[in-house]
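Chains as they are written, first to last, in the numbering used here: chain A, 1 to 246; chain B, 1 to 159.
Quick caveat, the hints were computed from the structure, so don't treat them as lab data.
Just so we're clear, the structure is a prediction, and the values are computed from it rather than from any experiment.
Ideal Cβ positions, reconstructed from N, Cα and C, are used throughout, including at glycine.
If a hint is listed, it holds; no wrong ones were tucked in.
Cross-link-like lysine to any residue pairs, in silico, SDA-like; alpha carbons within 25 Å at most:
#1 A:K80 x A:T101
#2 A:K192 x B:K107
#3 B:K70 x A:Q45
#4 A:K111 x B:E43
#5 B:K121 x B:F63
#6 A:K140 x A:A234
#7 A:K192 x B:I152
#8 B:K55 x A:Q47
#9 A:K80 x B:T82
#10 A:K135 x A:L243
Derived coverage of chain A by chain B (criterion: at least 3 residues anywhere in the stretch with Cβ under 8 Å from a Cβ of chain B; other residues may be distant):
#11 7-17
#12 188-196
Here are some, though not all, of the chain B residues that point toward chain A, as calculated from beta-carbon distances under 7 Å:
#13 I46
#14 Q51
#15 K70
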Amino acid sequence: MGKKYKNPPVVEALCEFQFIPTQPWDITIPGLLYERIRDEFPLKQQQIGIGFVIQPRAGGELEHNIELPPPQMQFFRSDKASLVQVGMDVLTINHLKPYPTWETFKPSILKILEKYKEIANPKGFRRIGLRYINKIDFNKPTFELTDYFNYYPSIPNNLRKMPEGLQVMVELPYEGGRDRLLLVLFTVIPEKPDVISLVLDLNYMMISPESIGLHQISDWLENAHTIVENAFEACITDKCRKLFEE
Amino acid sequence: MQLLSTQQYYRKLTIEDYKNSLLIDKRKSPVRFLPIDYLRFKESSIFLQLQKDIKSLAHLYIFINPDDIKRFLLNHDYLINTLFEVHNQIRRVFGANIIEICLEYDKDPEENFEGLFVTVKTNLFPEQSLDLLEKFDEEWWLTLDFQVRNKITVMVRPV
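For reference, chain B alone in the conformation it holds in the complex (with noise of 0.2 Å):
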């Protein structure tokens, strides 16, 4: 199957995206691969739309627990352009230190919690990935709406 590189997943990201991506060393990107399926056509079918944004979303980040994830985002449609862009935003600040960005399920039926865990495992010092996820937090993620981020927790993790 011939590959292509992510950052042309189709109706995320502008014109200045796509430049810049050609400028980074894809041997040491962080950047994952799409099939090419996924960007040659257009789905007219918002049913299966959906299916294919979640299929393209596993190809961004690694799924640790890919079934509840999948199961949790059909219910759970309206994150799932946040995370596109939670993935392009983590691009932008973490650049080229990231190893890689997971995705996790959790459930806390005690604390009535159930939402997701994104991860960016970074190359880089523990104080030098918290002052960057604080850029994130403040440059763009406390700009989203708090149903969102009740949802979805993005954390660090030197390794």
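For reference, chain A alone in the conformation it holds in the complex (with noise of 0.2 Å):
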């Protein structure tokens, strides 16, 4: 996040388009993309995917279908800290921890954004994200979720134990409708015995198709930030923040 932590929480910060082609997908643009930034982002990895369709049909029963999407490229910095991923029309910059900085992160977007556009030739965005992950780590006899979280579900008292596992979701709507801020807190697997992971994911998203040029890209992702800034800030307490040694 932009406030500066010793200990940050983010344990993953991406950055996800997705086109509205001007063309059928070409298979070739995955490998064109590589040749341009395989000095940074040398090893690849191929993700097969296969979707399935599932379709009521009279009686009652469920239709299934198959279909095989073209497989999504991944290519990774050496030290696999970063990397970004591509498939059709979509293209993907994430970067785990350690998480730079916006000044750093962004850049990087917007080099690899200007990349793809190159040689893909989108005619605009269909949907952008802007997603930050990040984990924070209690110990279980101690940890009270009230003391930690501004955002949590509200548990009835006679139901007033700390559950094993949780996820709460909210979706905000921003800019008239255009944007909207996916908030969502969970458990996830602790690394650790008698450890509890909560994860705040915060998902900032343009949602209506080419309502952003694709010139106008970098005002959006500094507003998205700030946006997920503020509201990372607001979820968490004082207390939570010492954790992060601020």
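Since each chain comes alone in its own frame, lean on the hints to assemble the complex.
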């Protein structure tokens, strides 16, 4: 996040672009992109996807149809802390821990997007997402959710126990409904025993196709980052901030 | 929650696997079920995909000591794809003779060992089970890297 912490909770930041194409998907695009970014992202890996369509038929039965979307390529940096994913009209730039700073991450997003645009020549954005995934570990016996978060599930008094697992999600509209902030708090598998690991996942999205021009992306990203940053700070308490050794 | 057959887990199987799966009698099949959530949405996050993969495995195998298994897999994520394929290959070789497939974490500090045990419980006689295990080894298991085989052990248990 923008506020500087000694031990920031960000385990992954990512920016995903879904495009409206000008032409049918060209399977050489991932290879062409790799040629342009291989100095920085030399390690490649293919993700093969199988998609399923499930449709109800008369009589209540479900019909399963299988779809094979084109494979998605992942190009990793040598240290595997950063990667680029490219699939059919989708481009994602991920940065894992240690997250650098927004001042470093944003230019790398724009640089890769520019290369993709030169190769694929998309018509516009169908969807854009800027997402920060924060993981915070707590010791089970001493942990009280409300001490650390301003955003949490309301549990009735007669059920007042620390849940083993939880998931809370809200979608908040921005910019007249053009954008949306998806705010999710949930438990994940902890790395150590007697620890509860919570993820605060903040995903700011543009969901209205072509409402942001290709040339407006820098401003959109800046605004998205500010909103995500403010939302993060709003969701946590000072006690939580102390965990990050502010 | 709506459930779907695990033959559909999203990035491990071929079209042929899927077609074959449609021939299996689901009531007798060892195949477990996955929540629809795992199938419909592609996860762009590498961190969360790992979490989802581990949870998906919990729908394929019976986890004997789930917390230990999950923690171990978080730290040995290179084993995850292999475990999907192990399940697939076990189904191919043992077919309808499988009762259940279990996964267990074990640690032996004296032997400096830490790893996972896959146990295929079958409805066969011991000799028949061992024959199929040998087939499994020869046709696929022994082609894997030693690093992987050193961390996963596959056993059969007629019941």
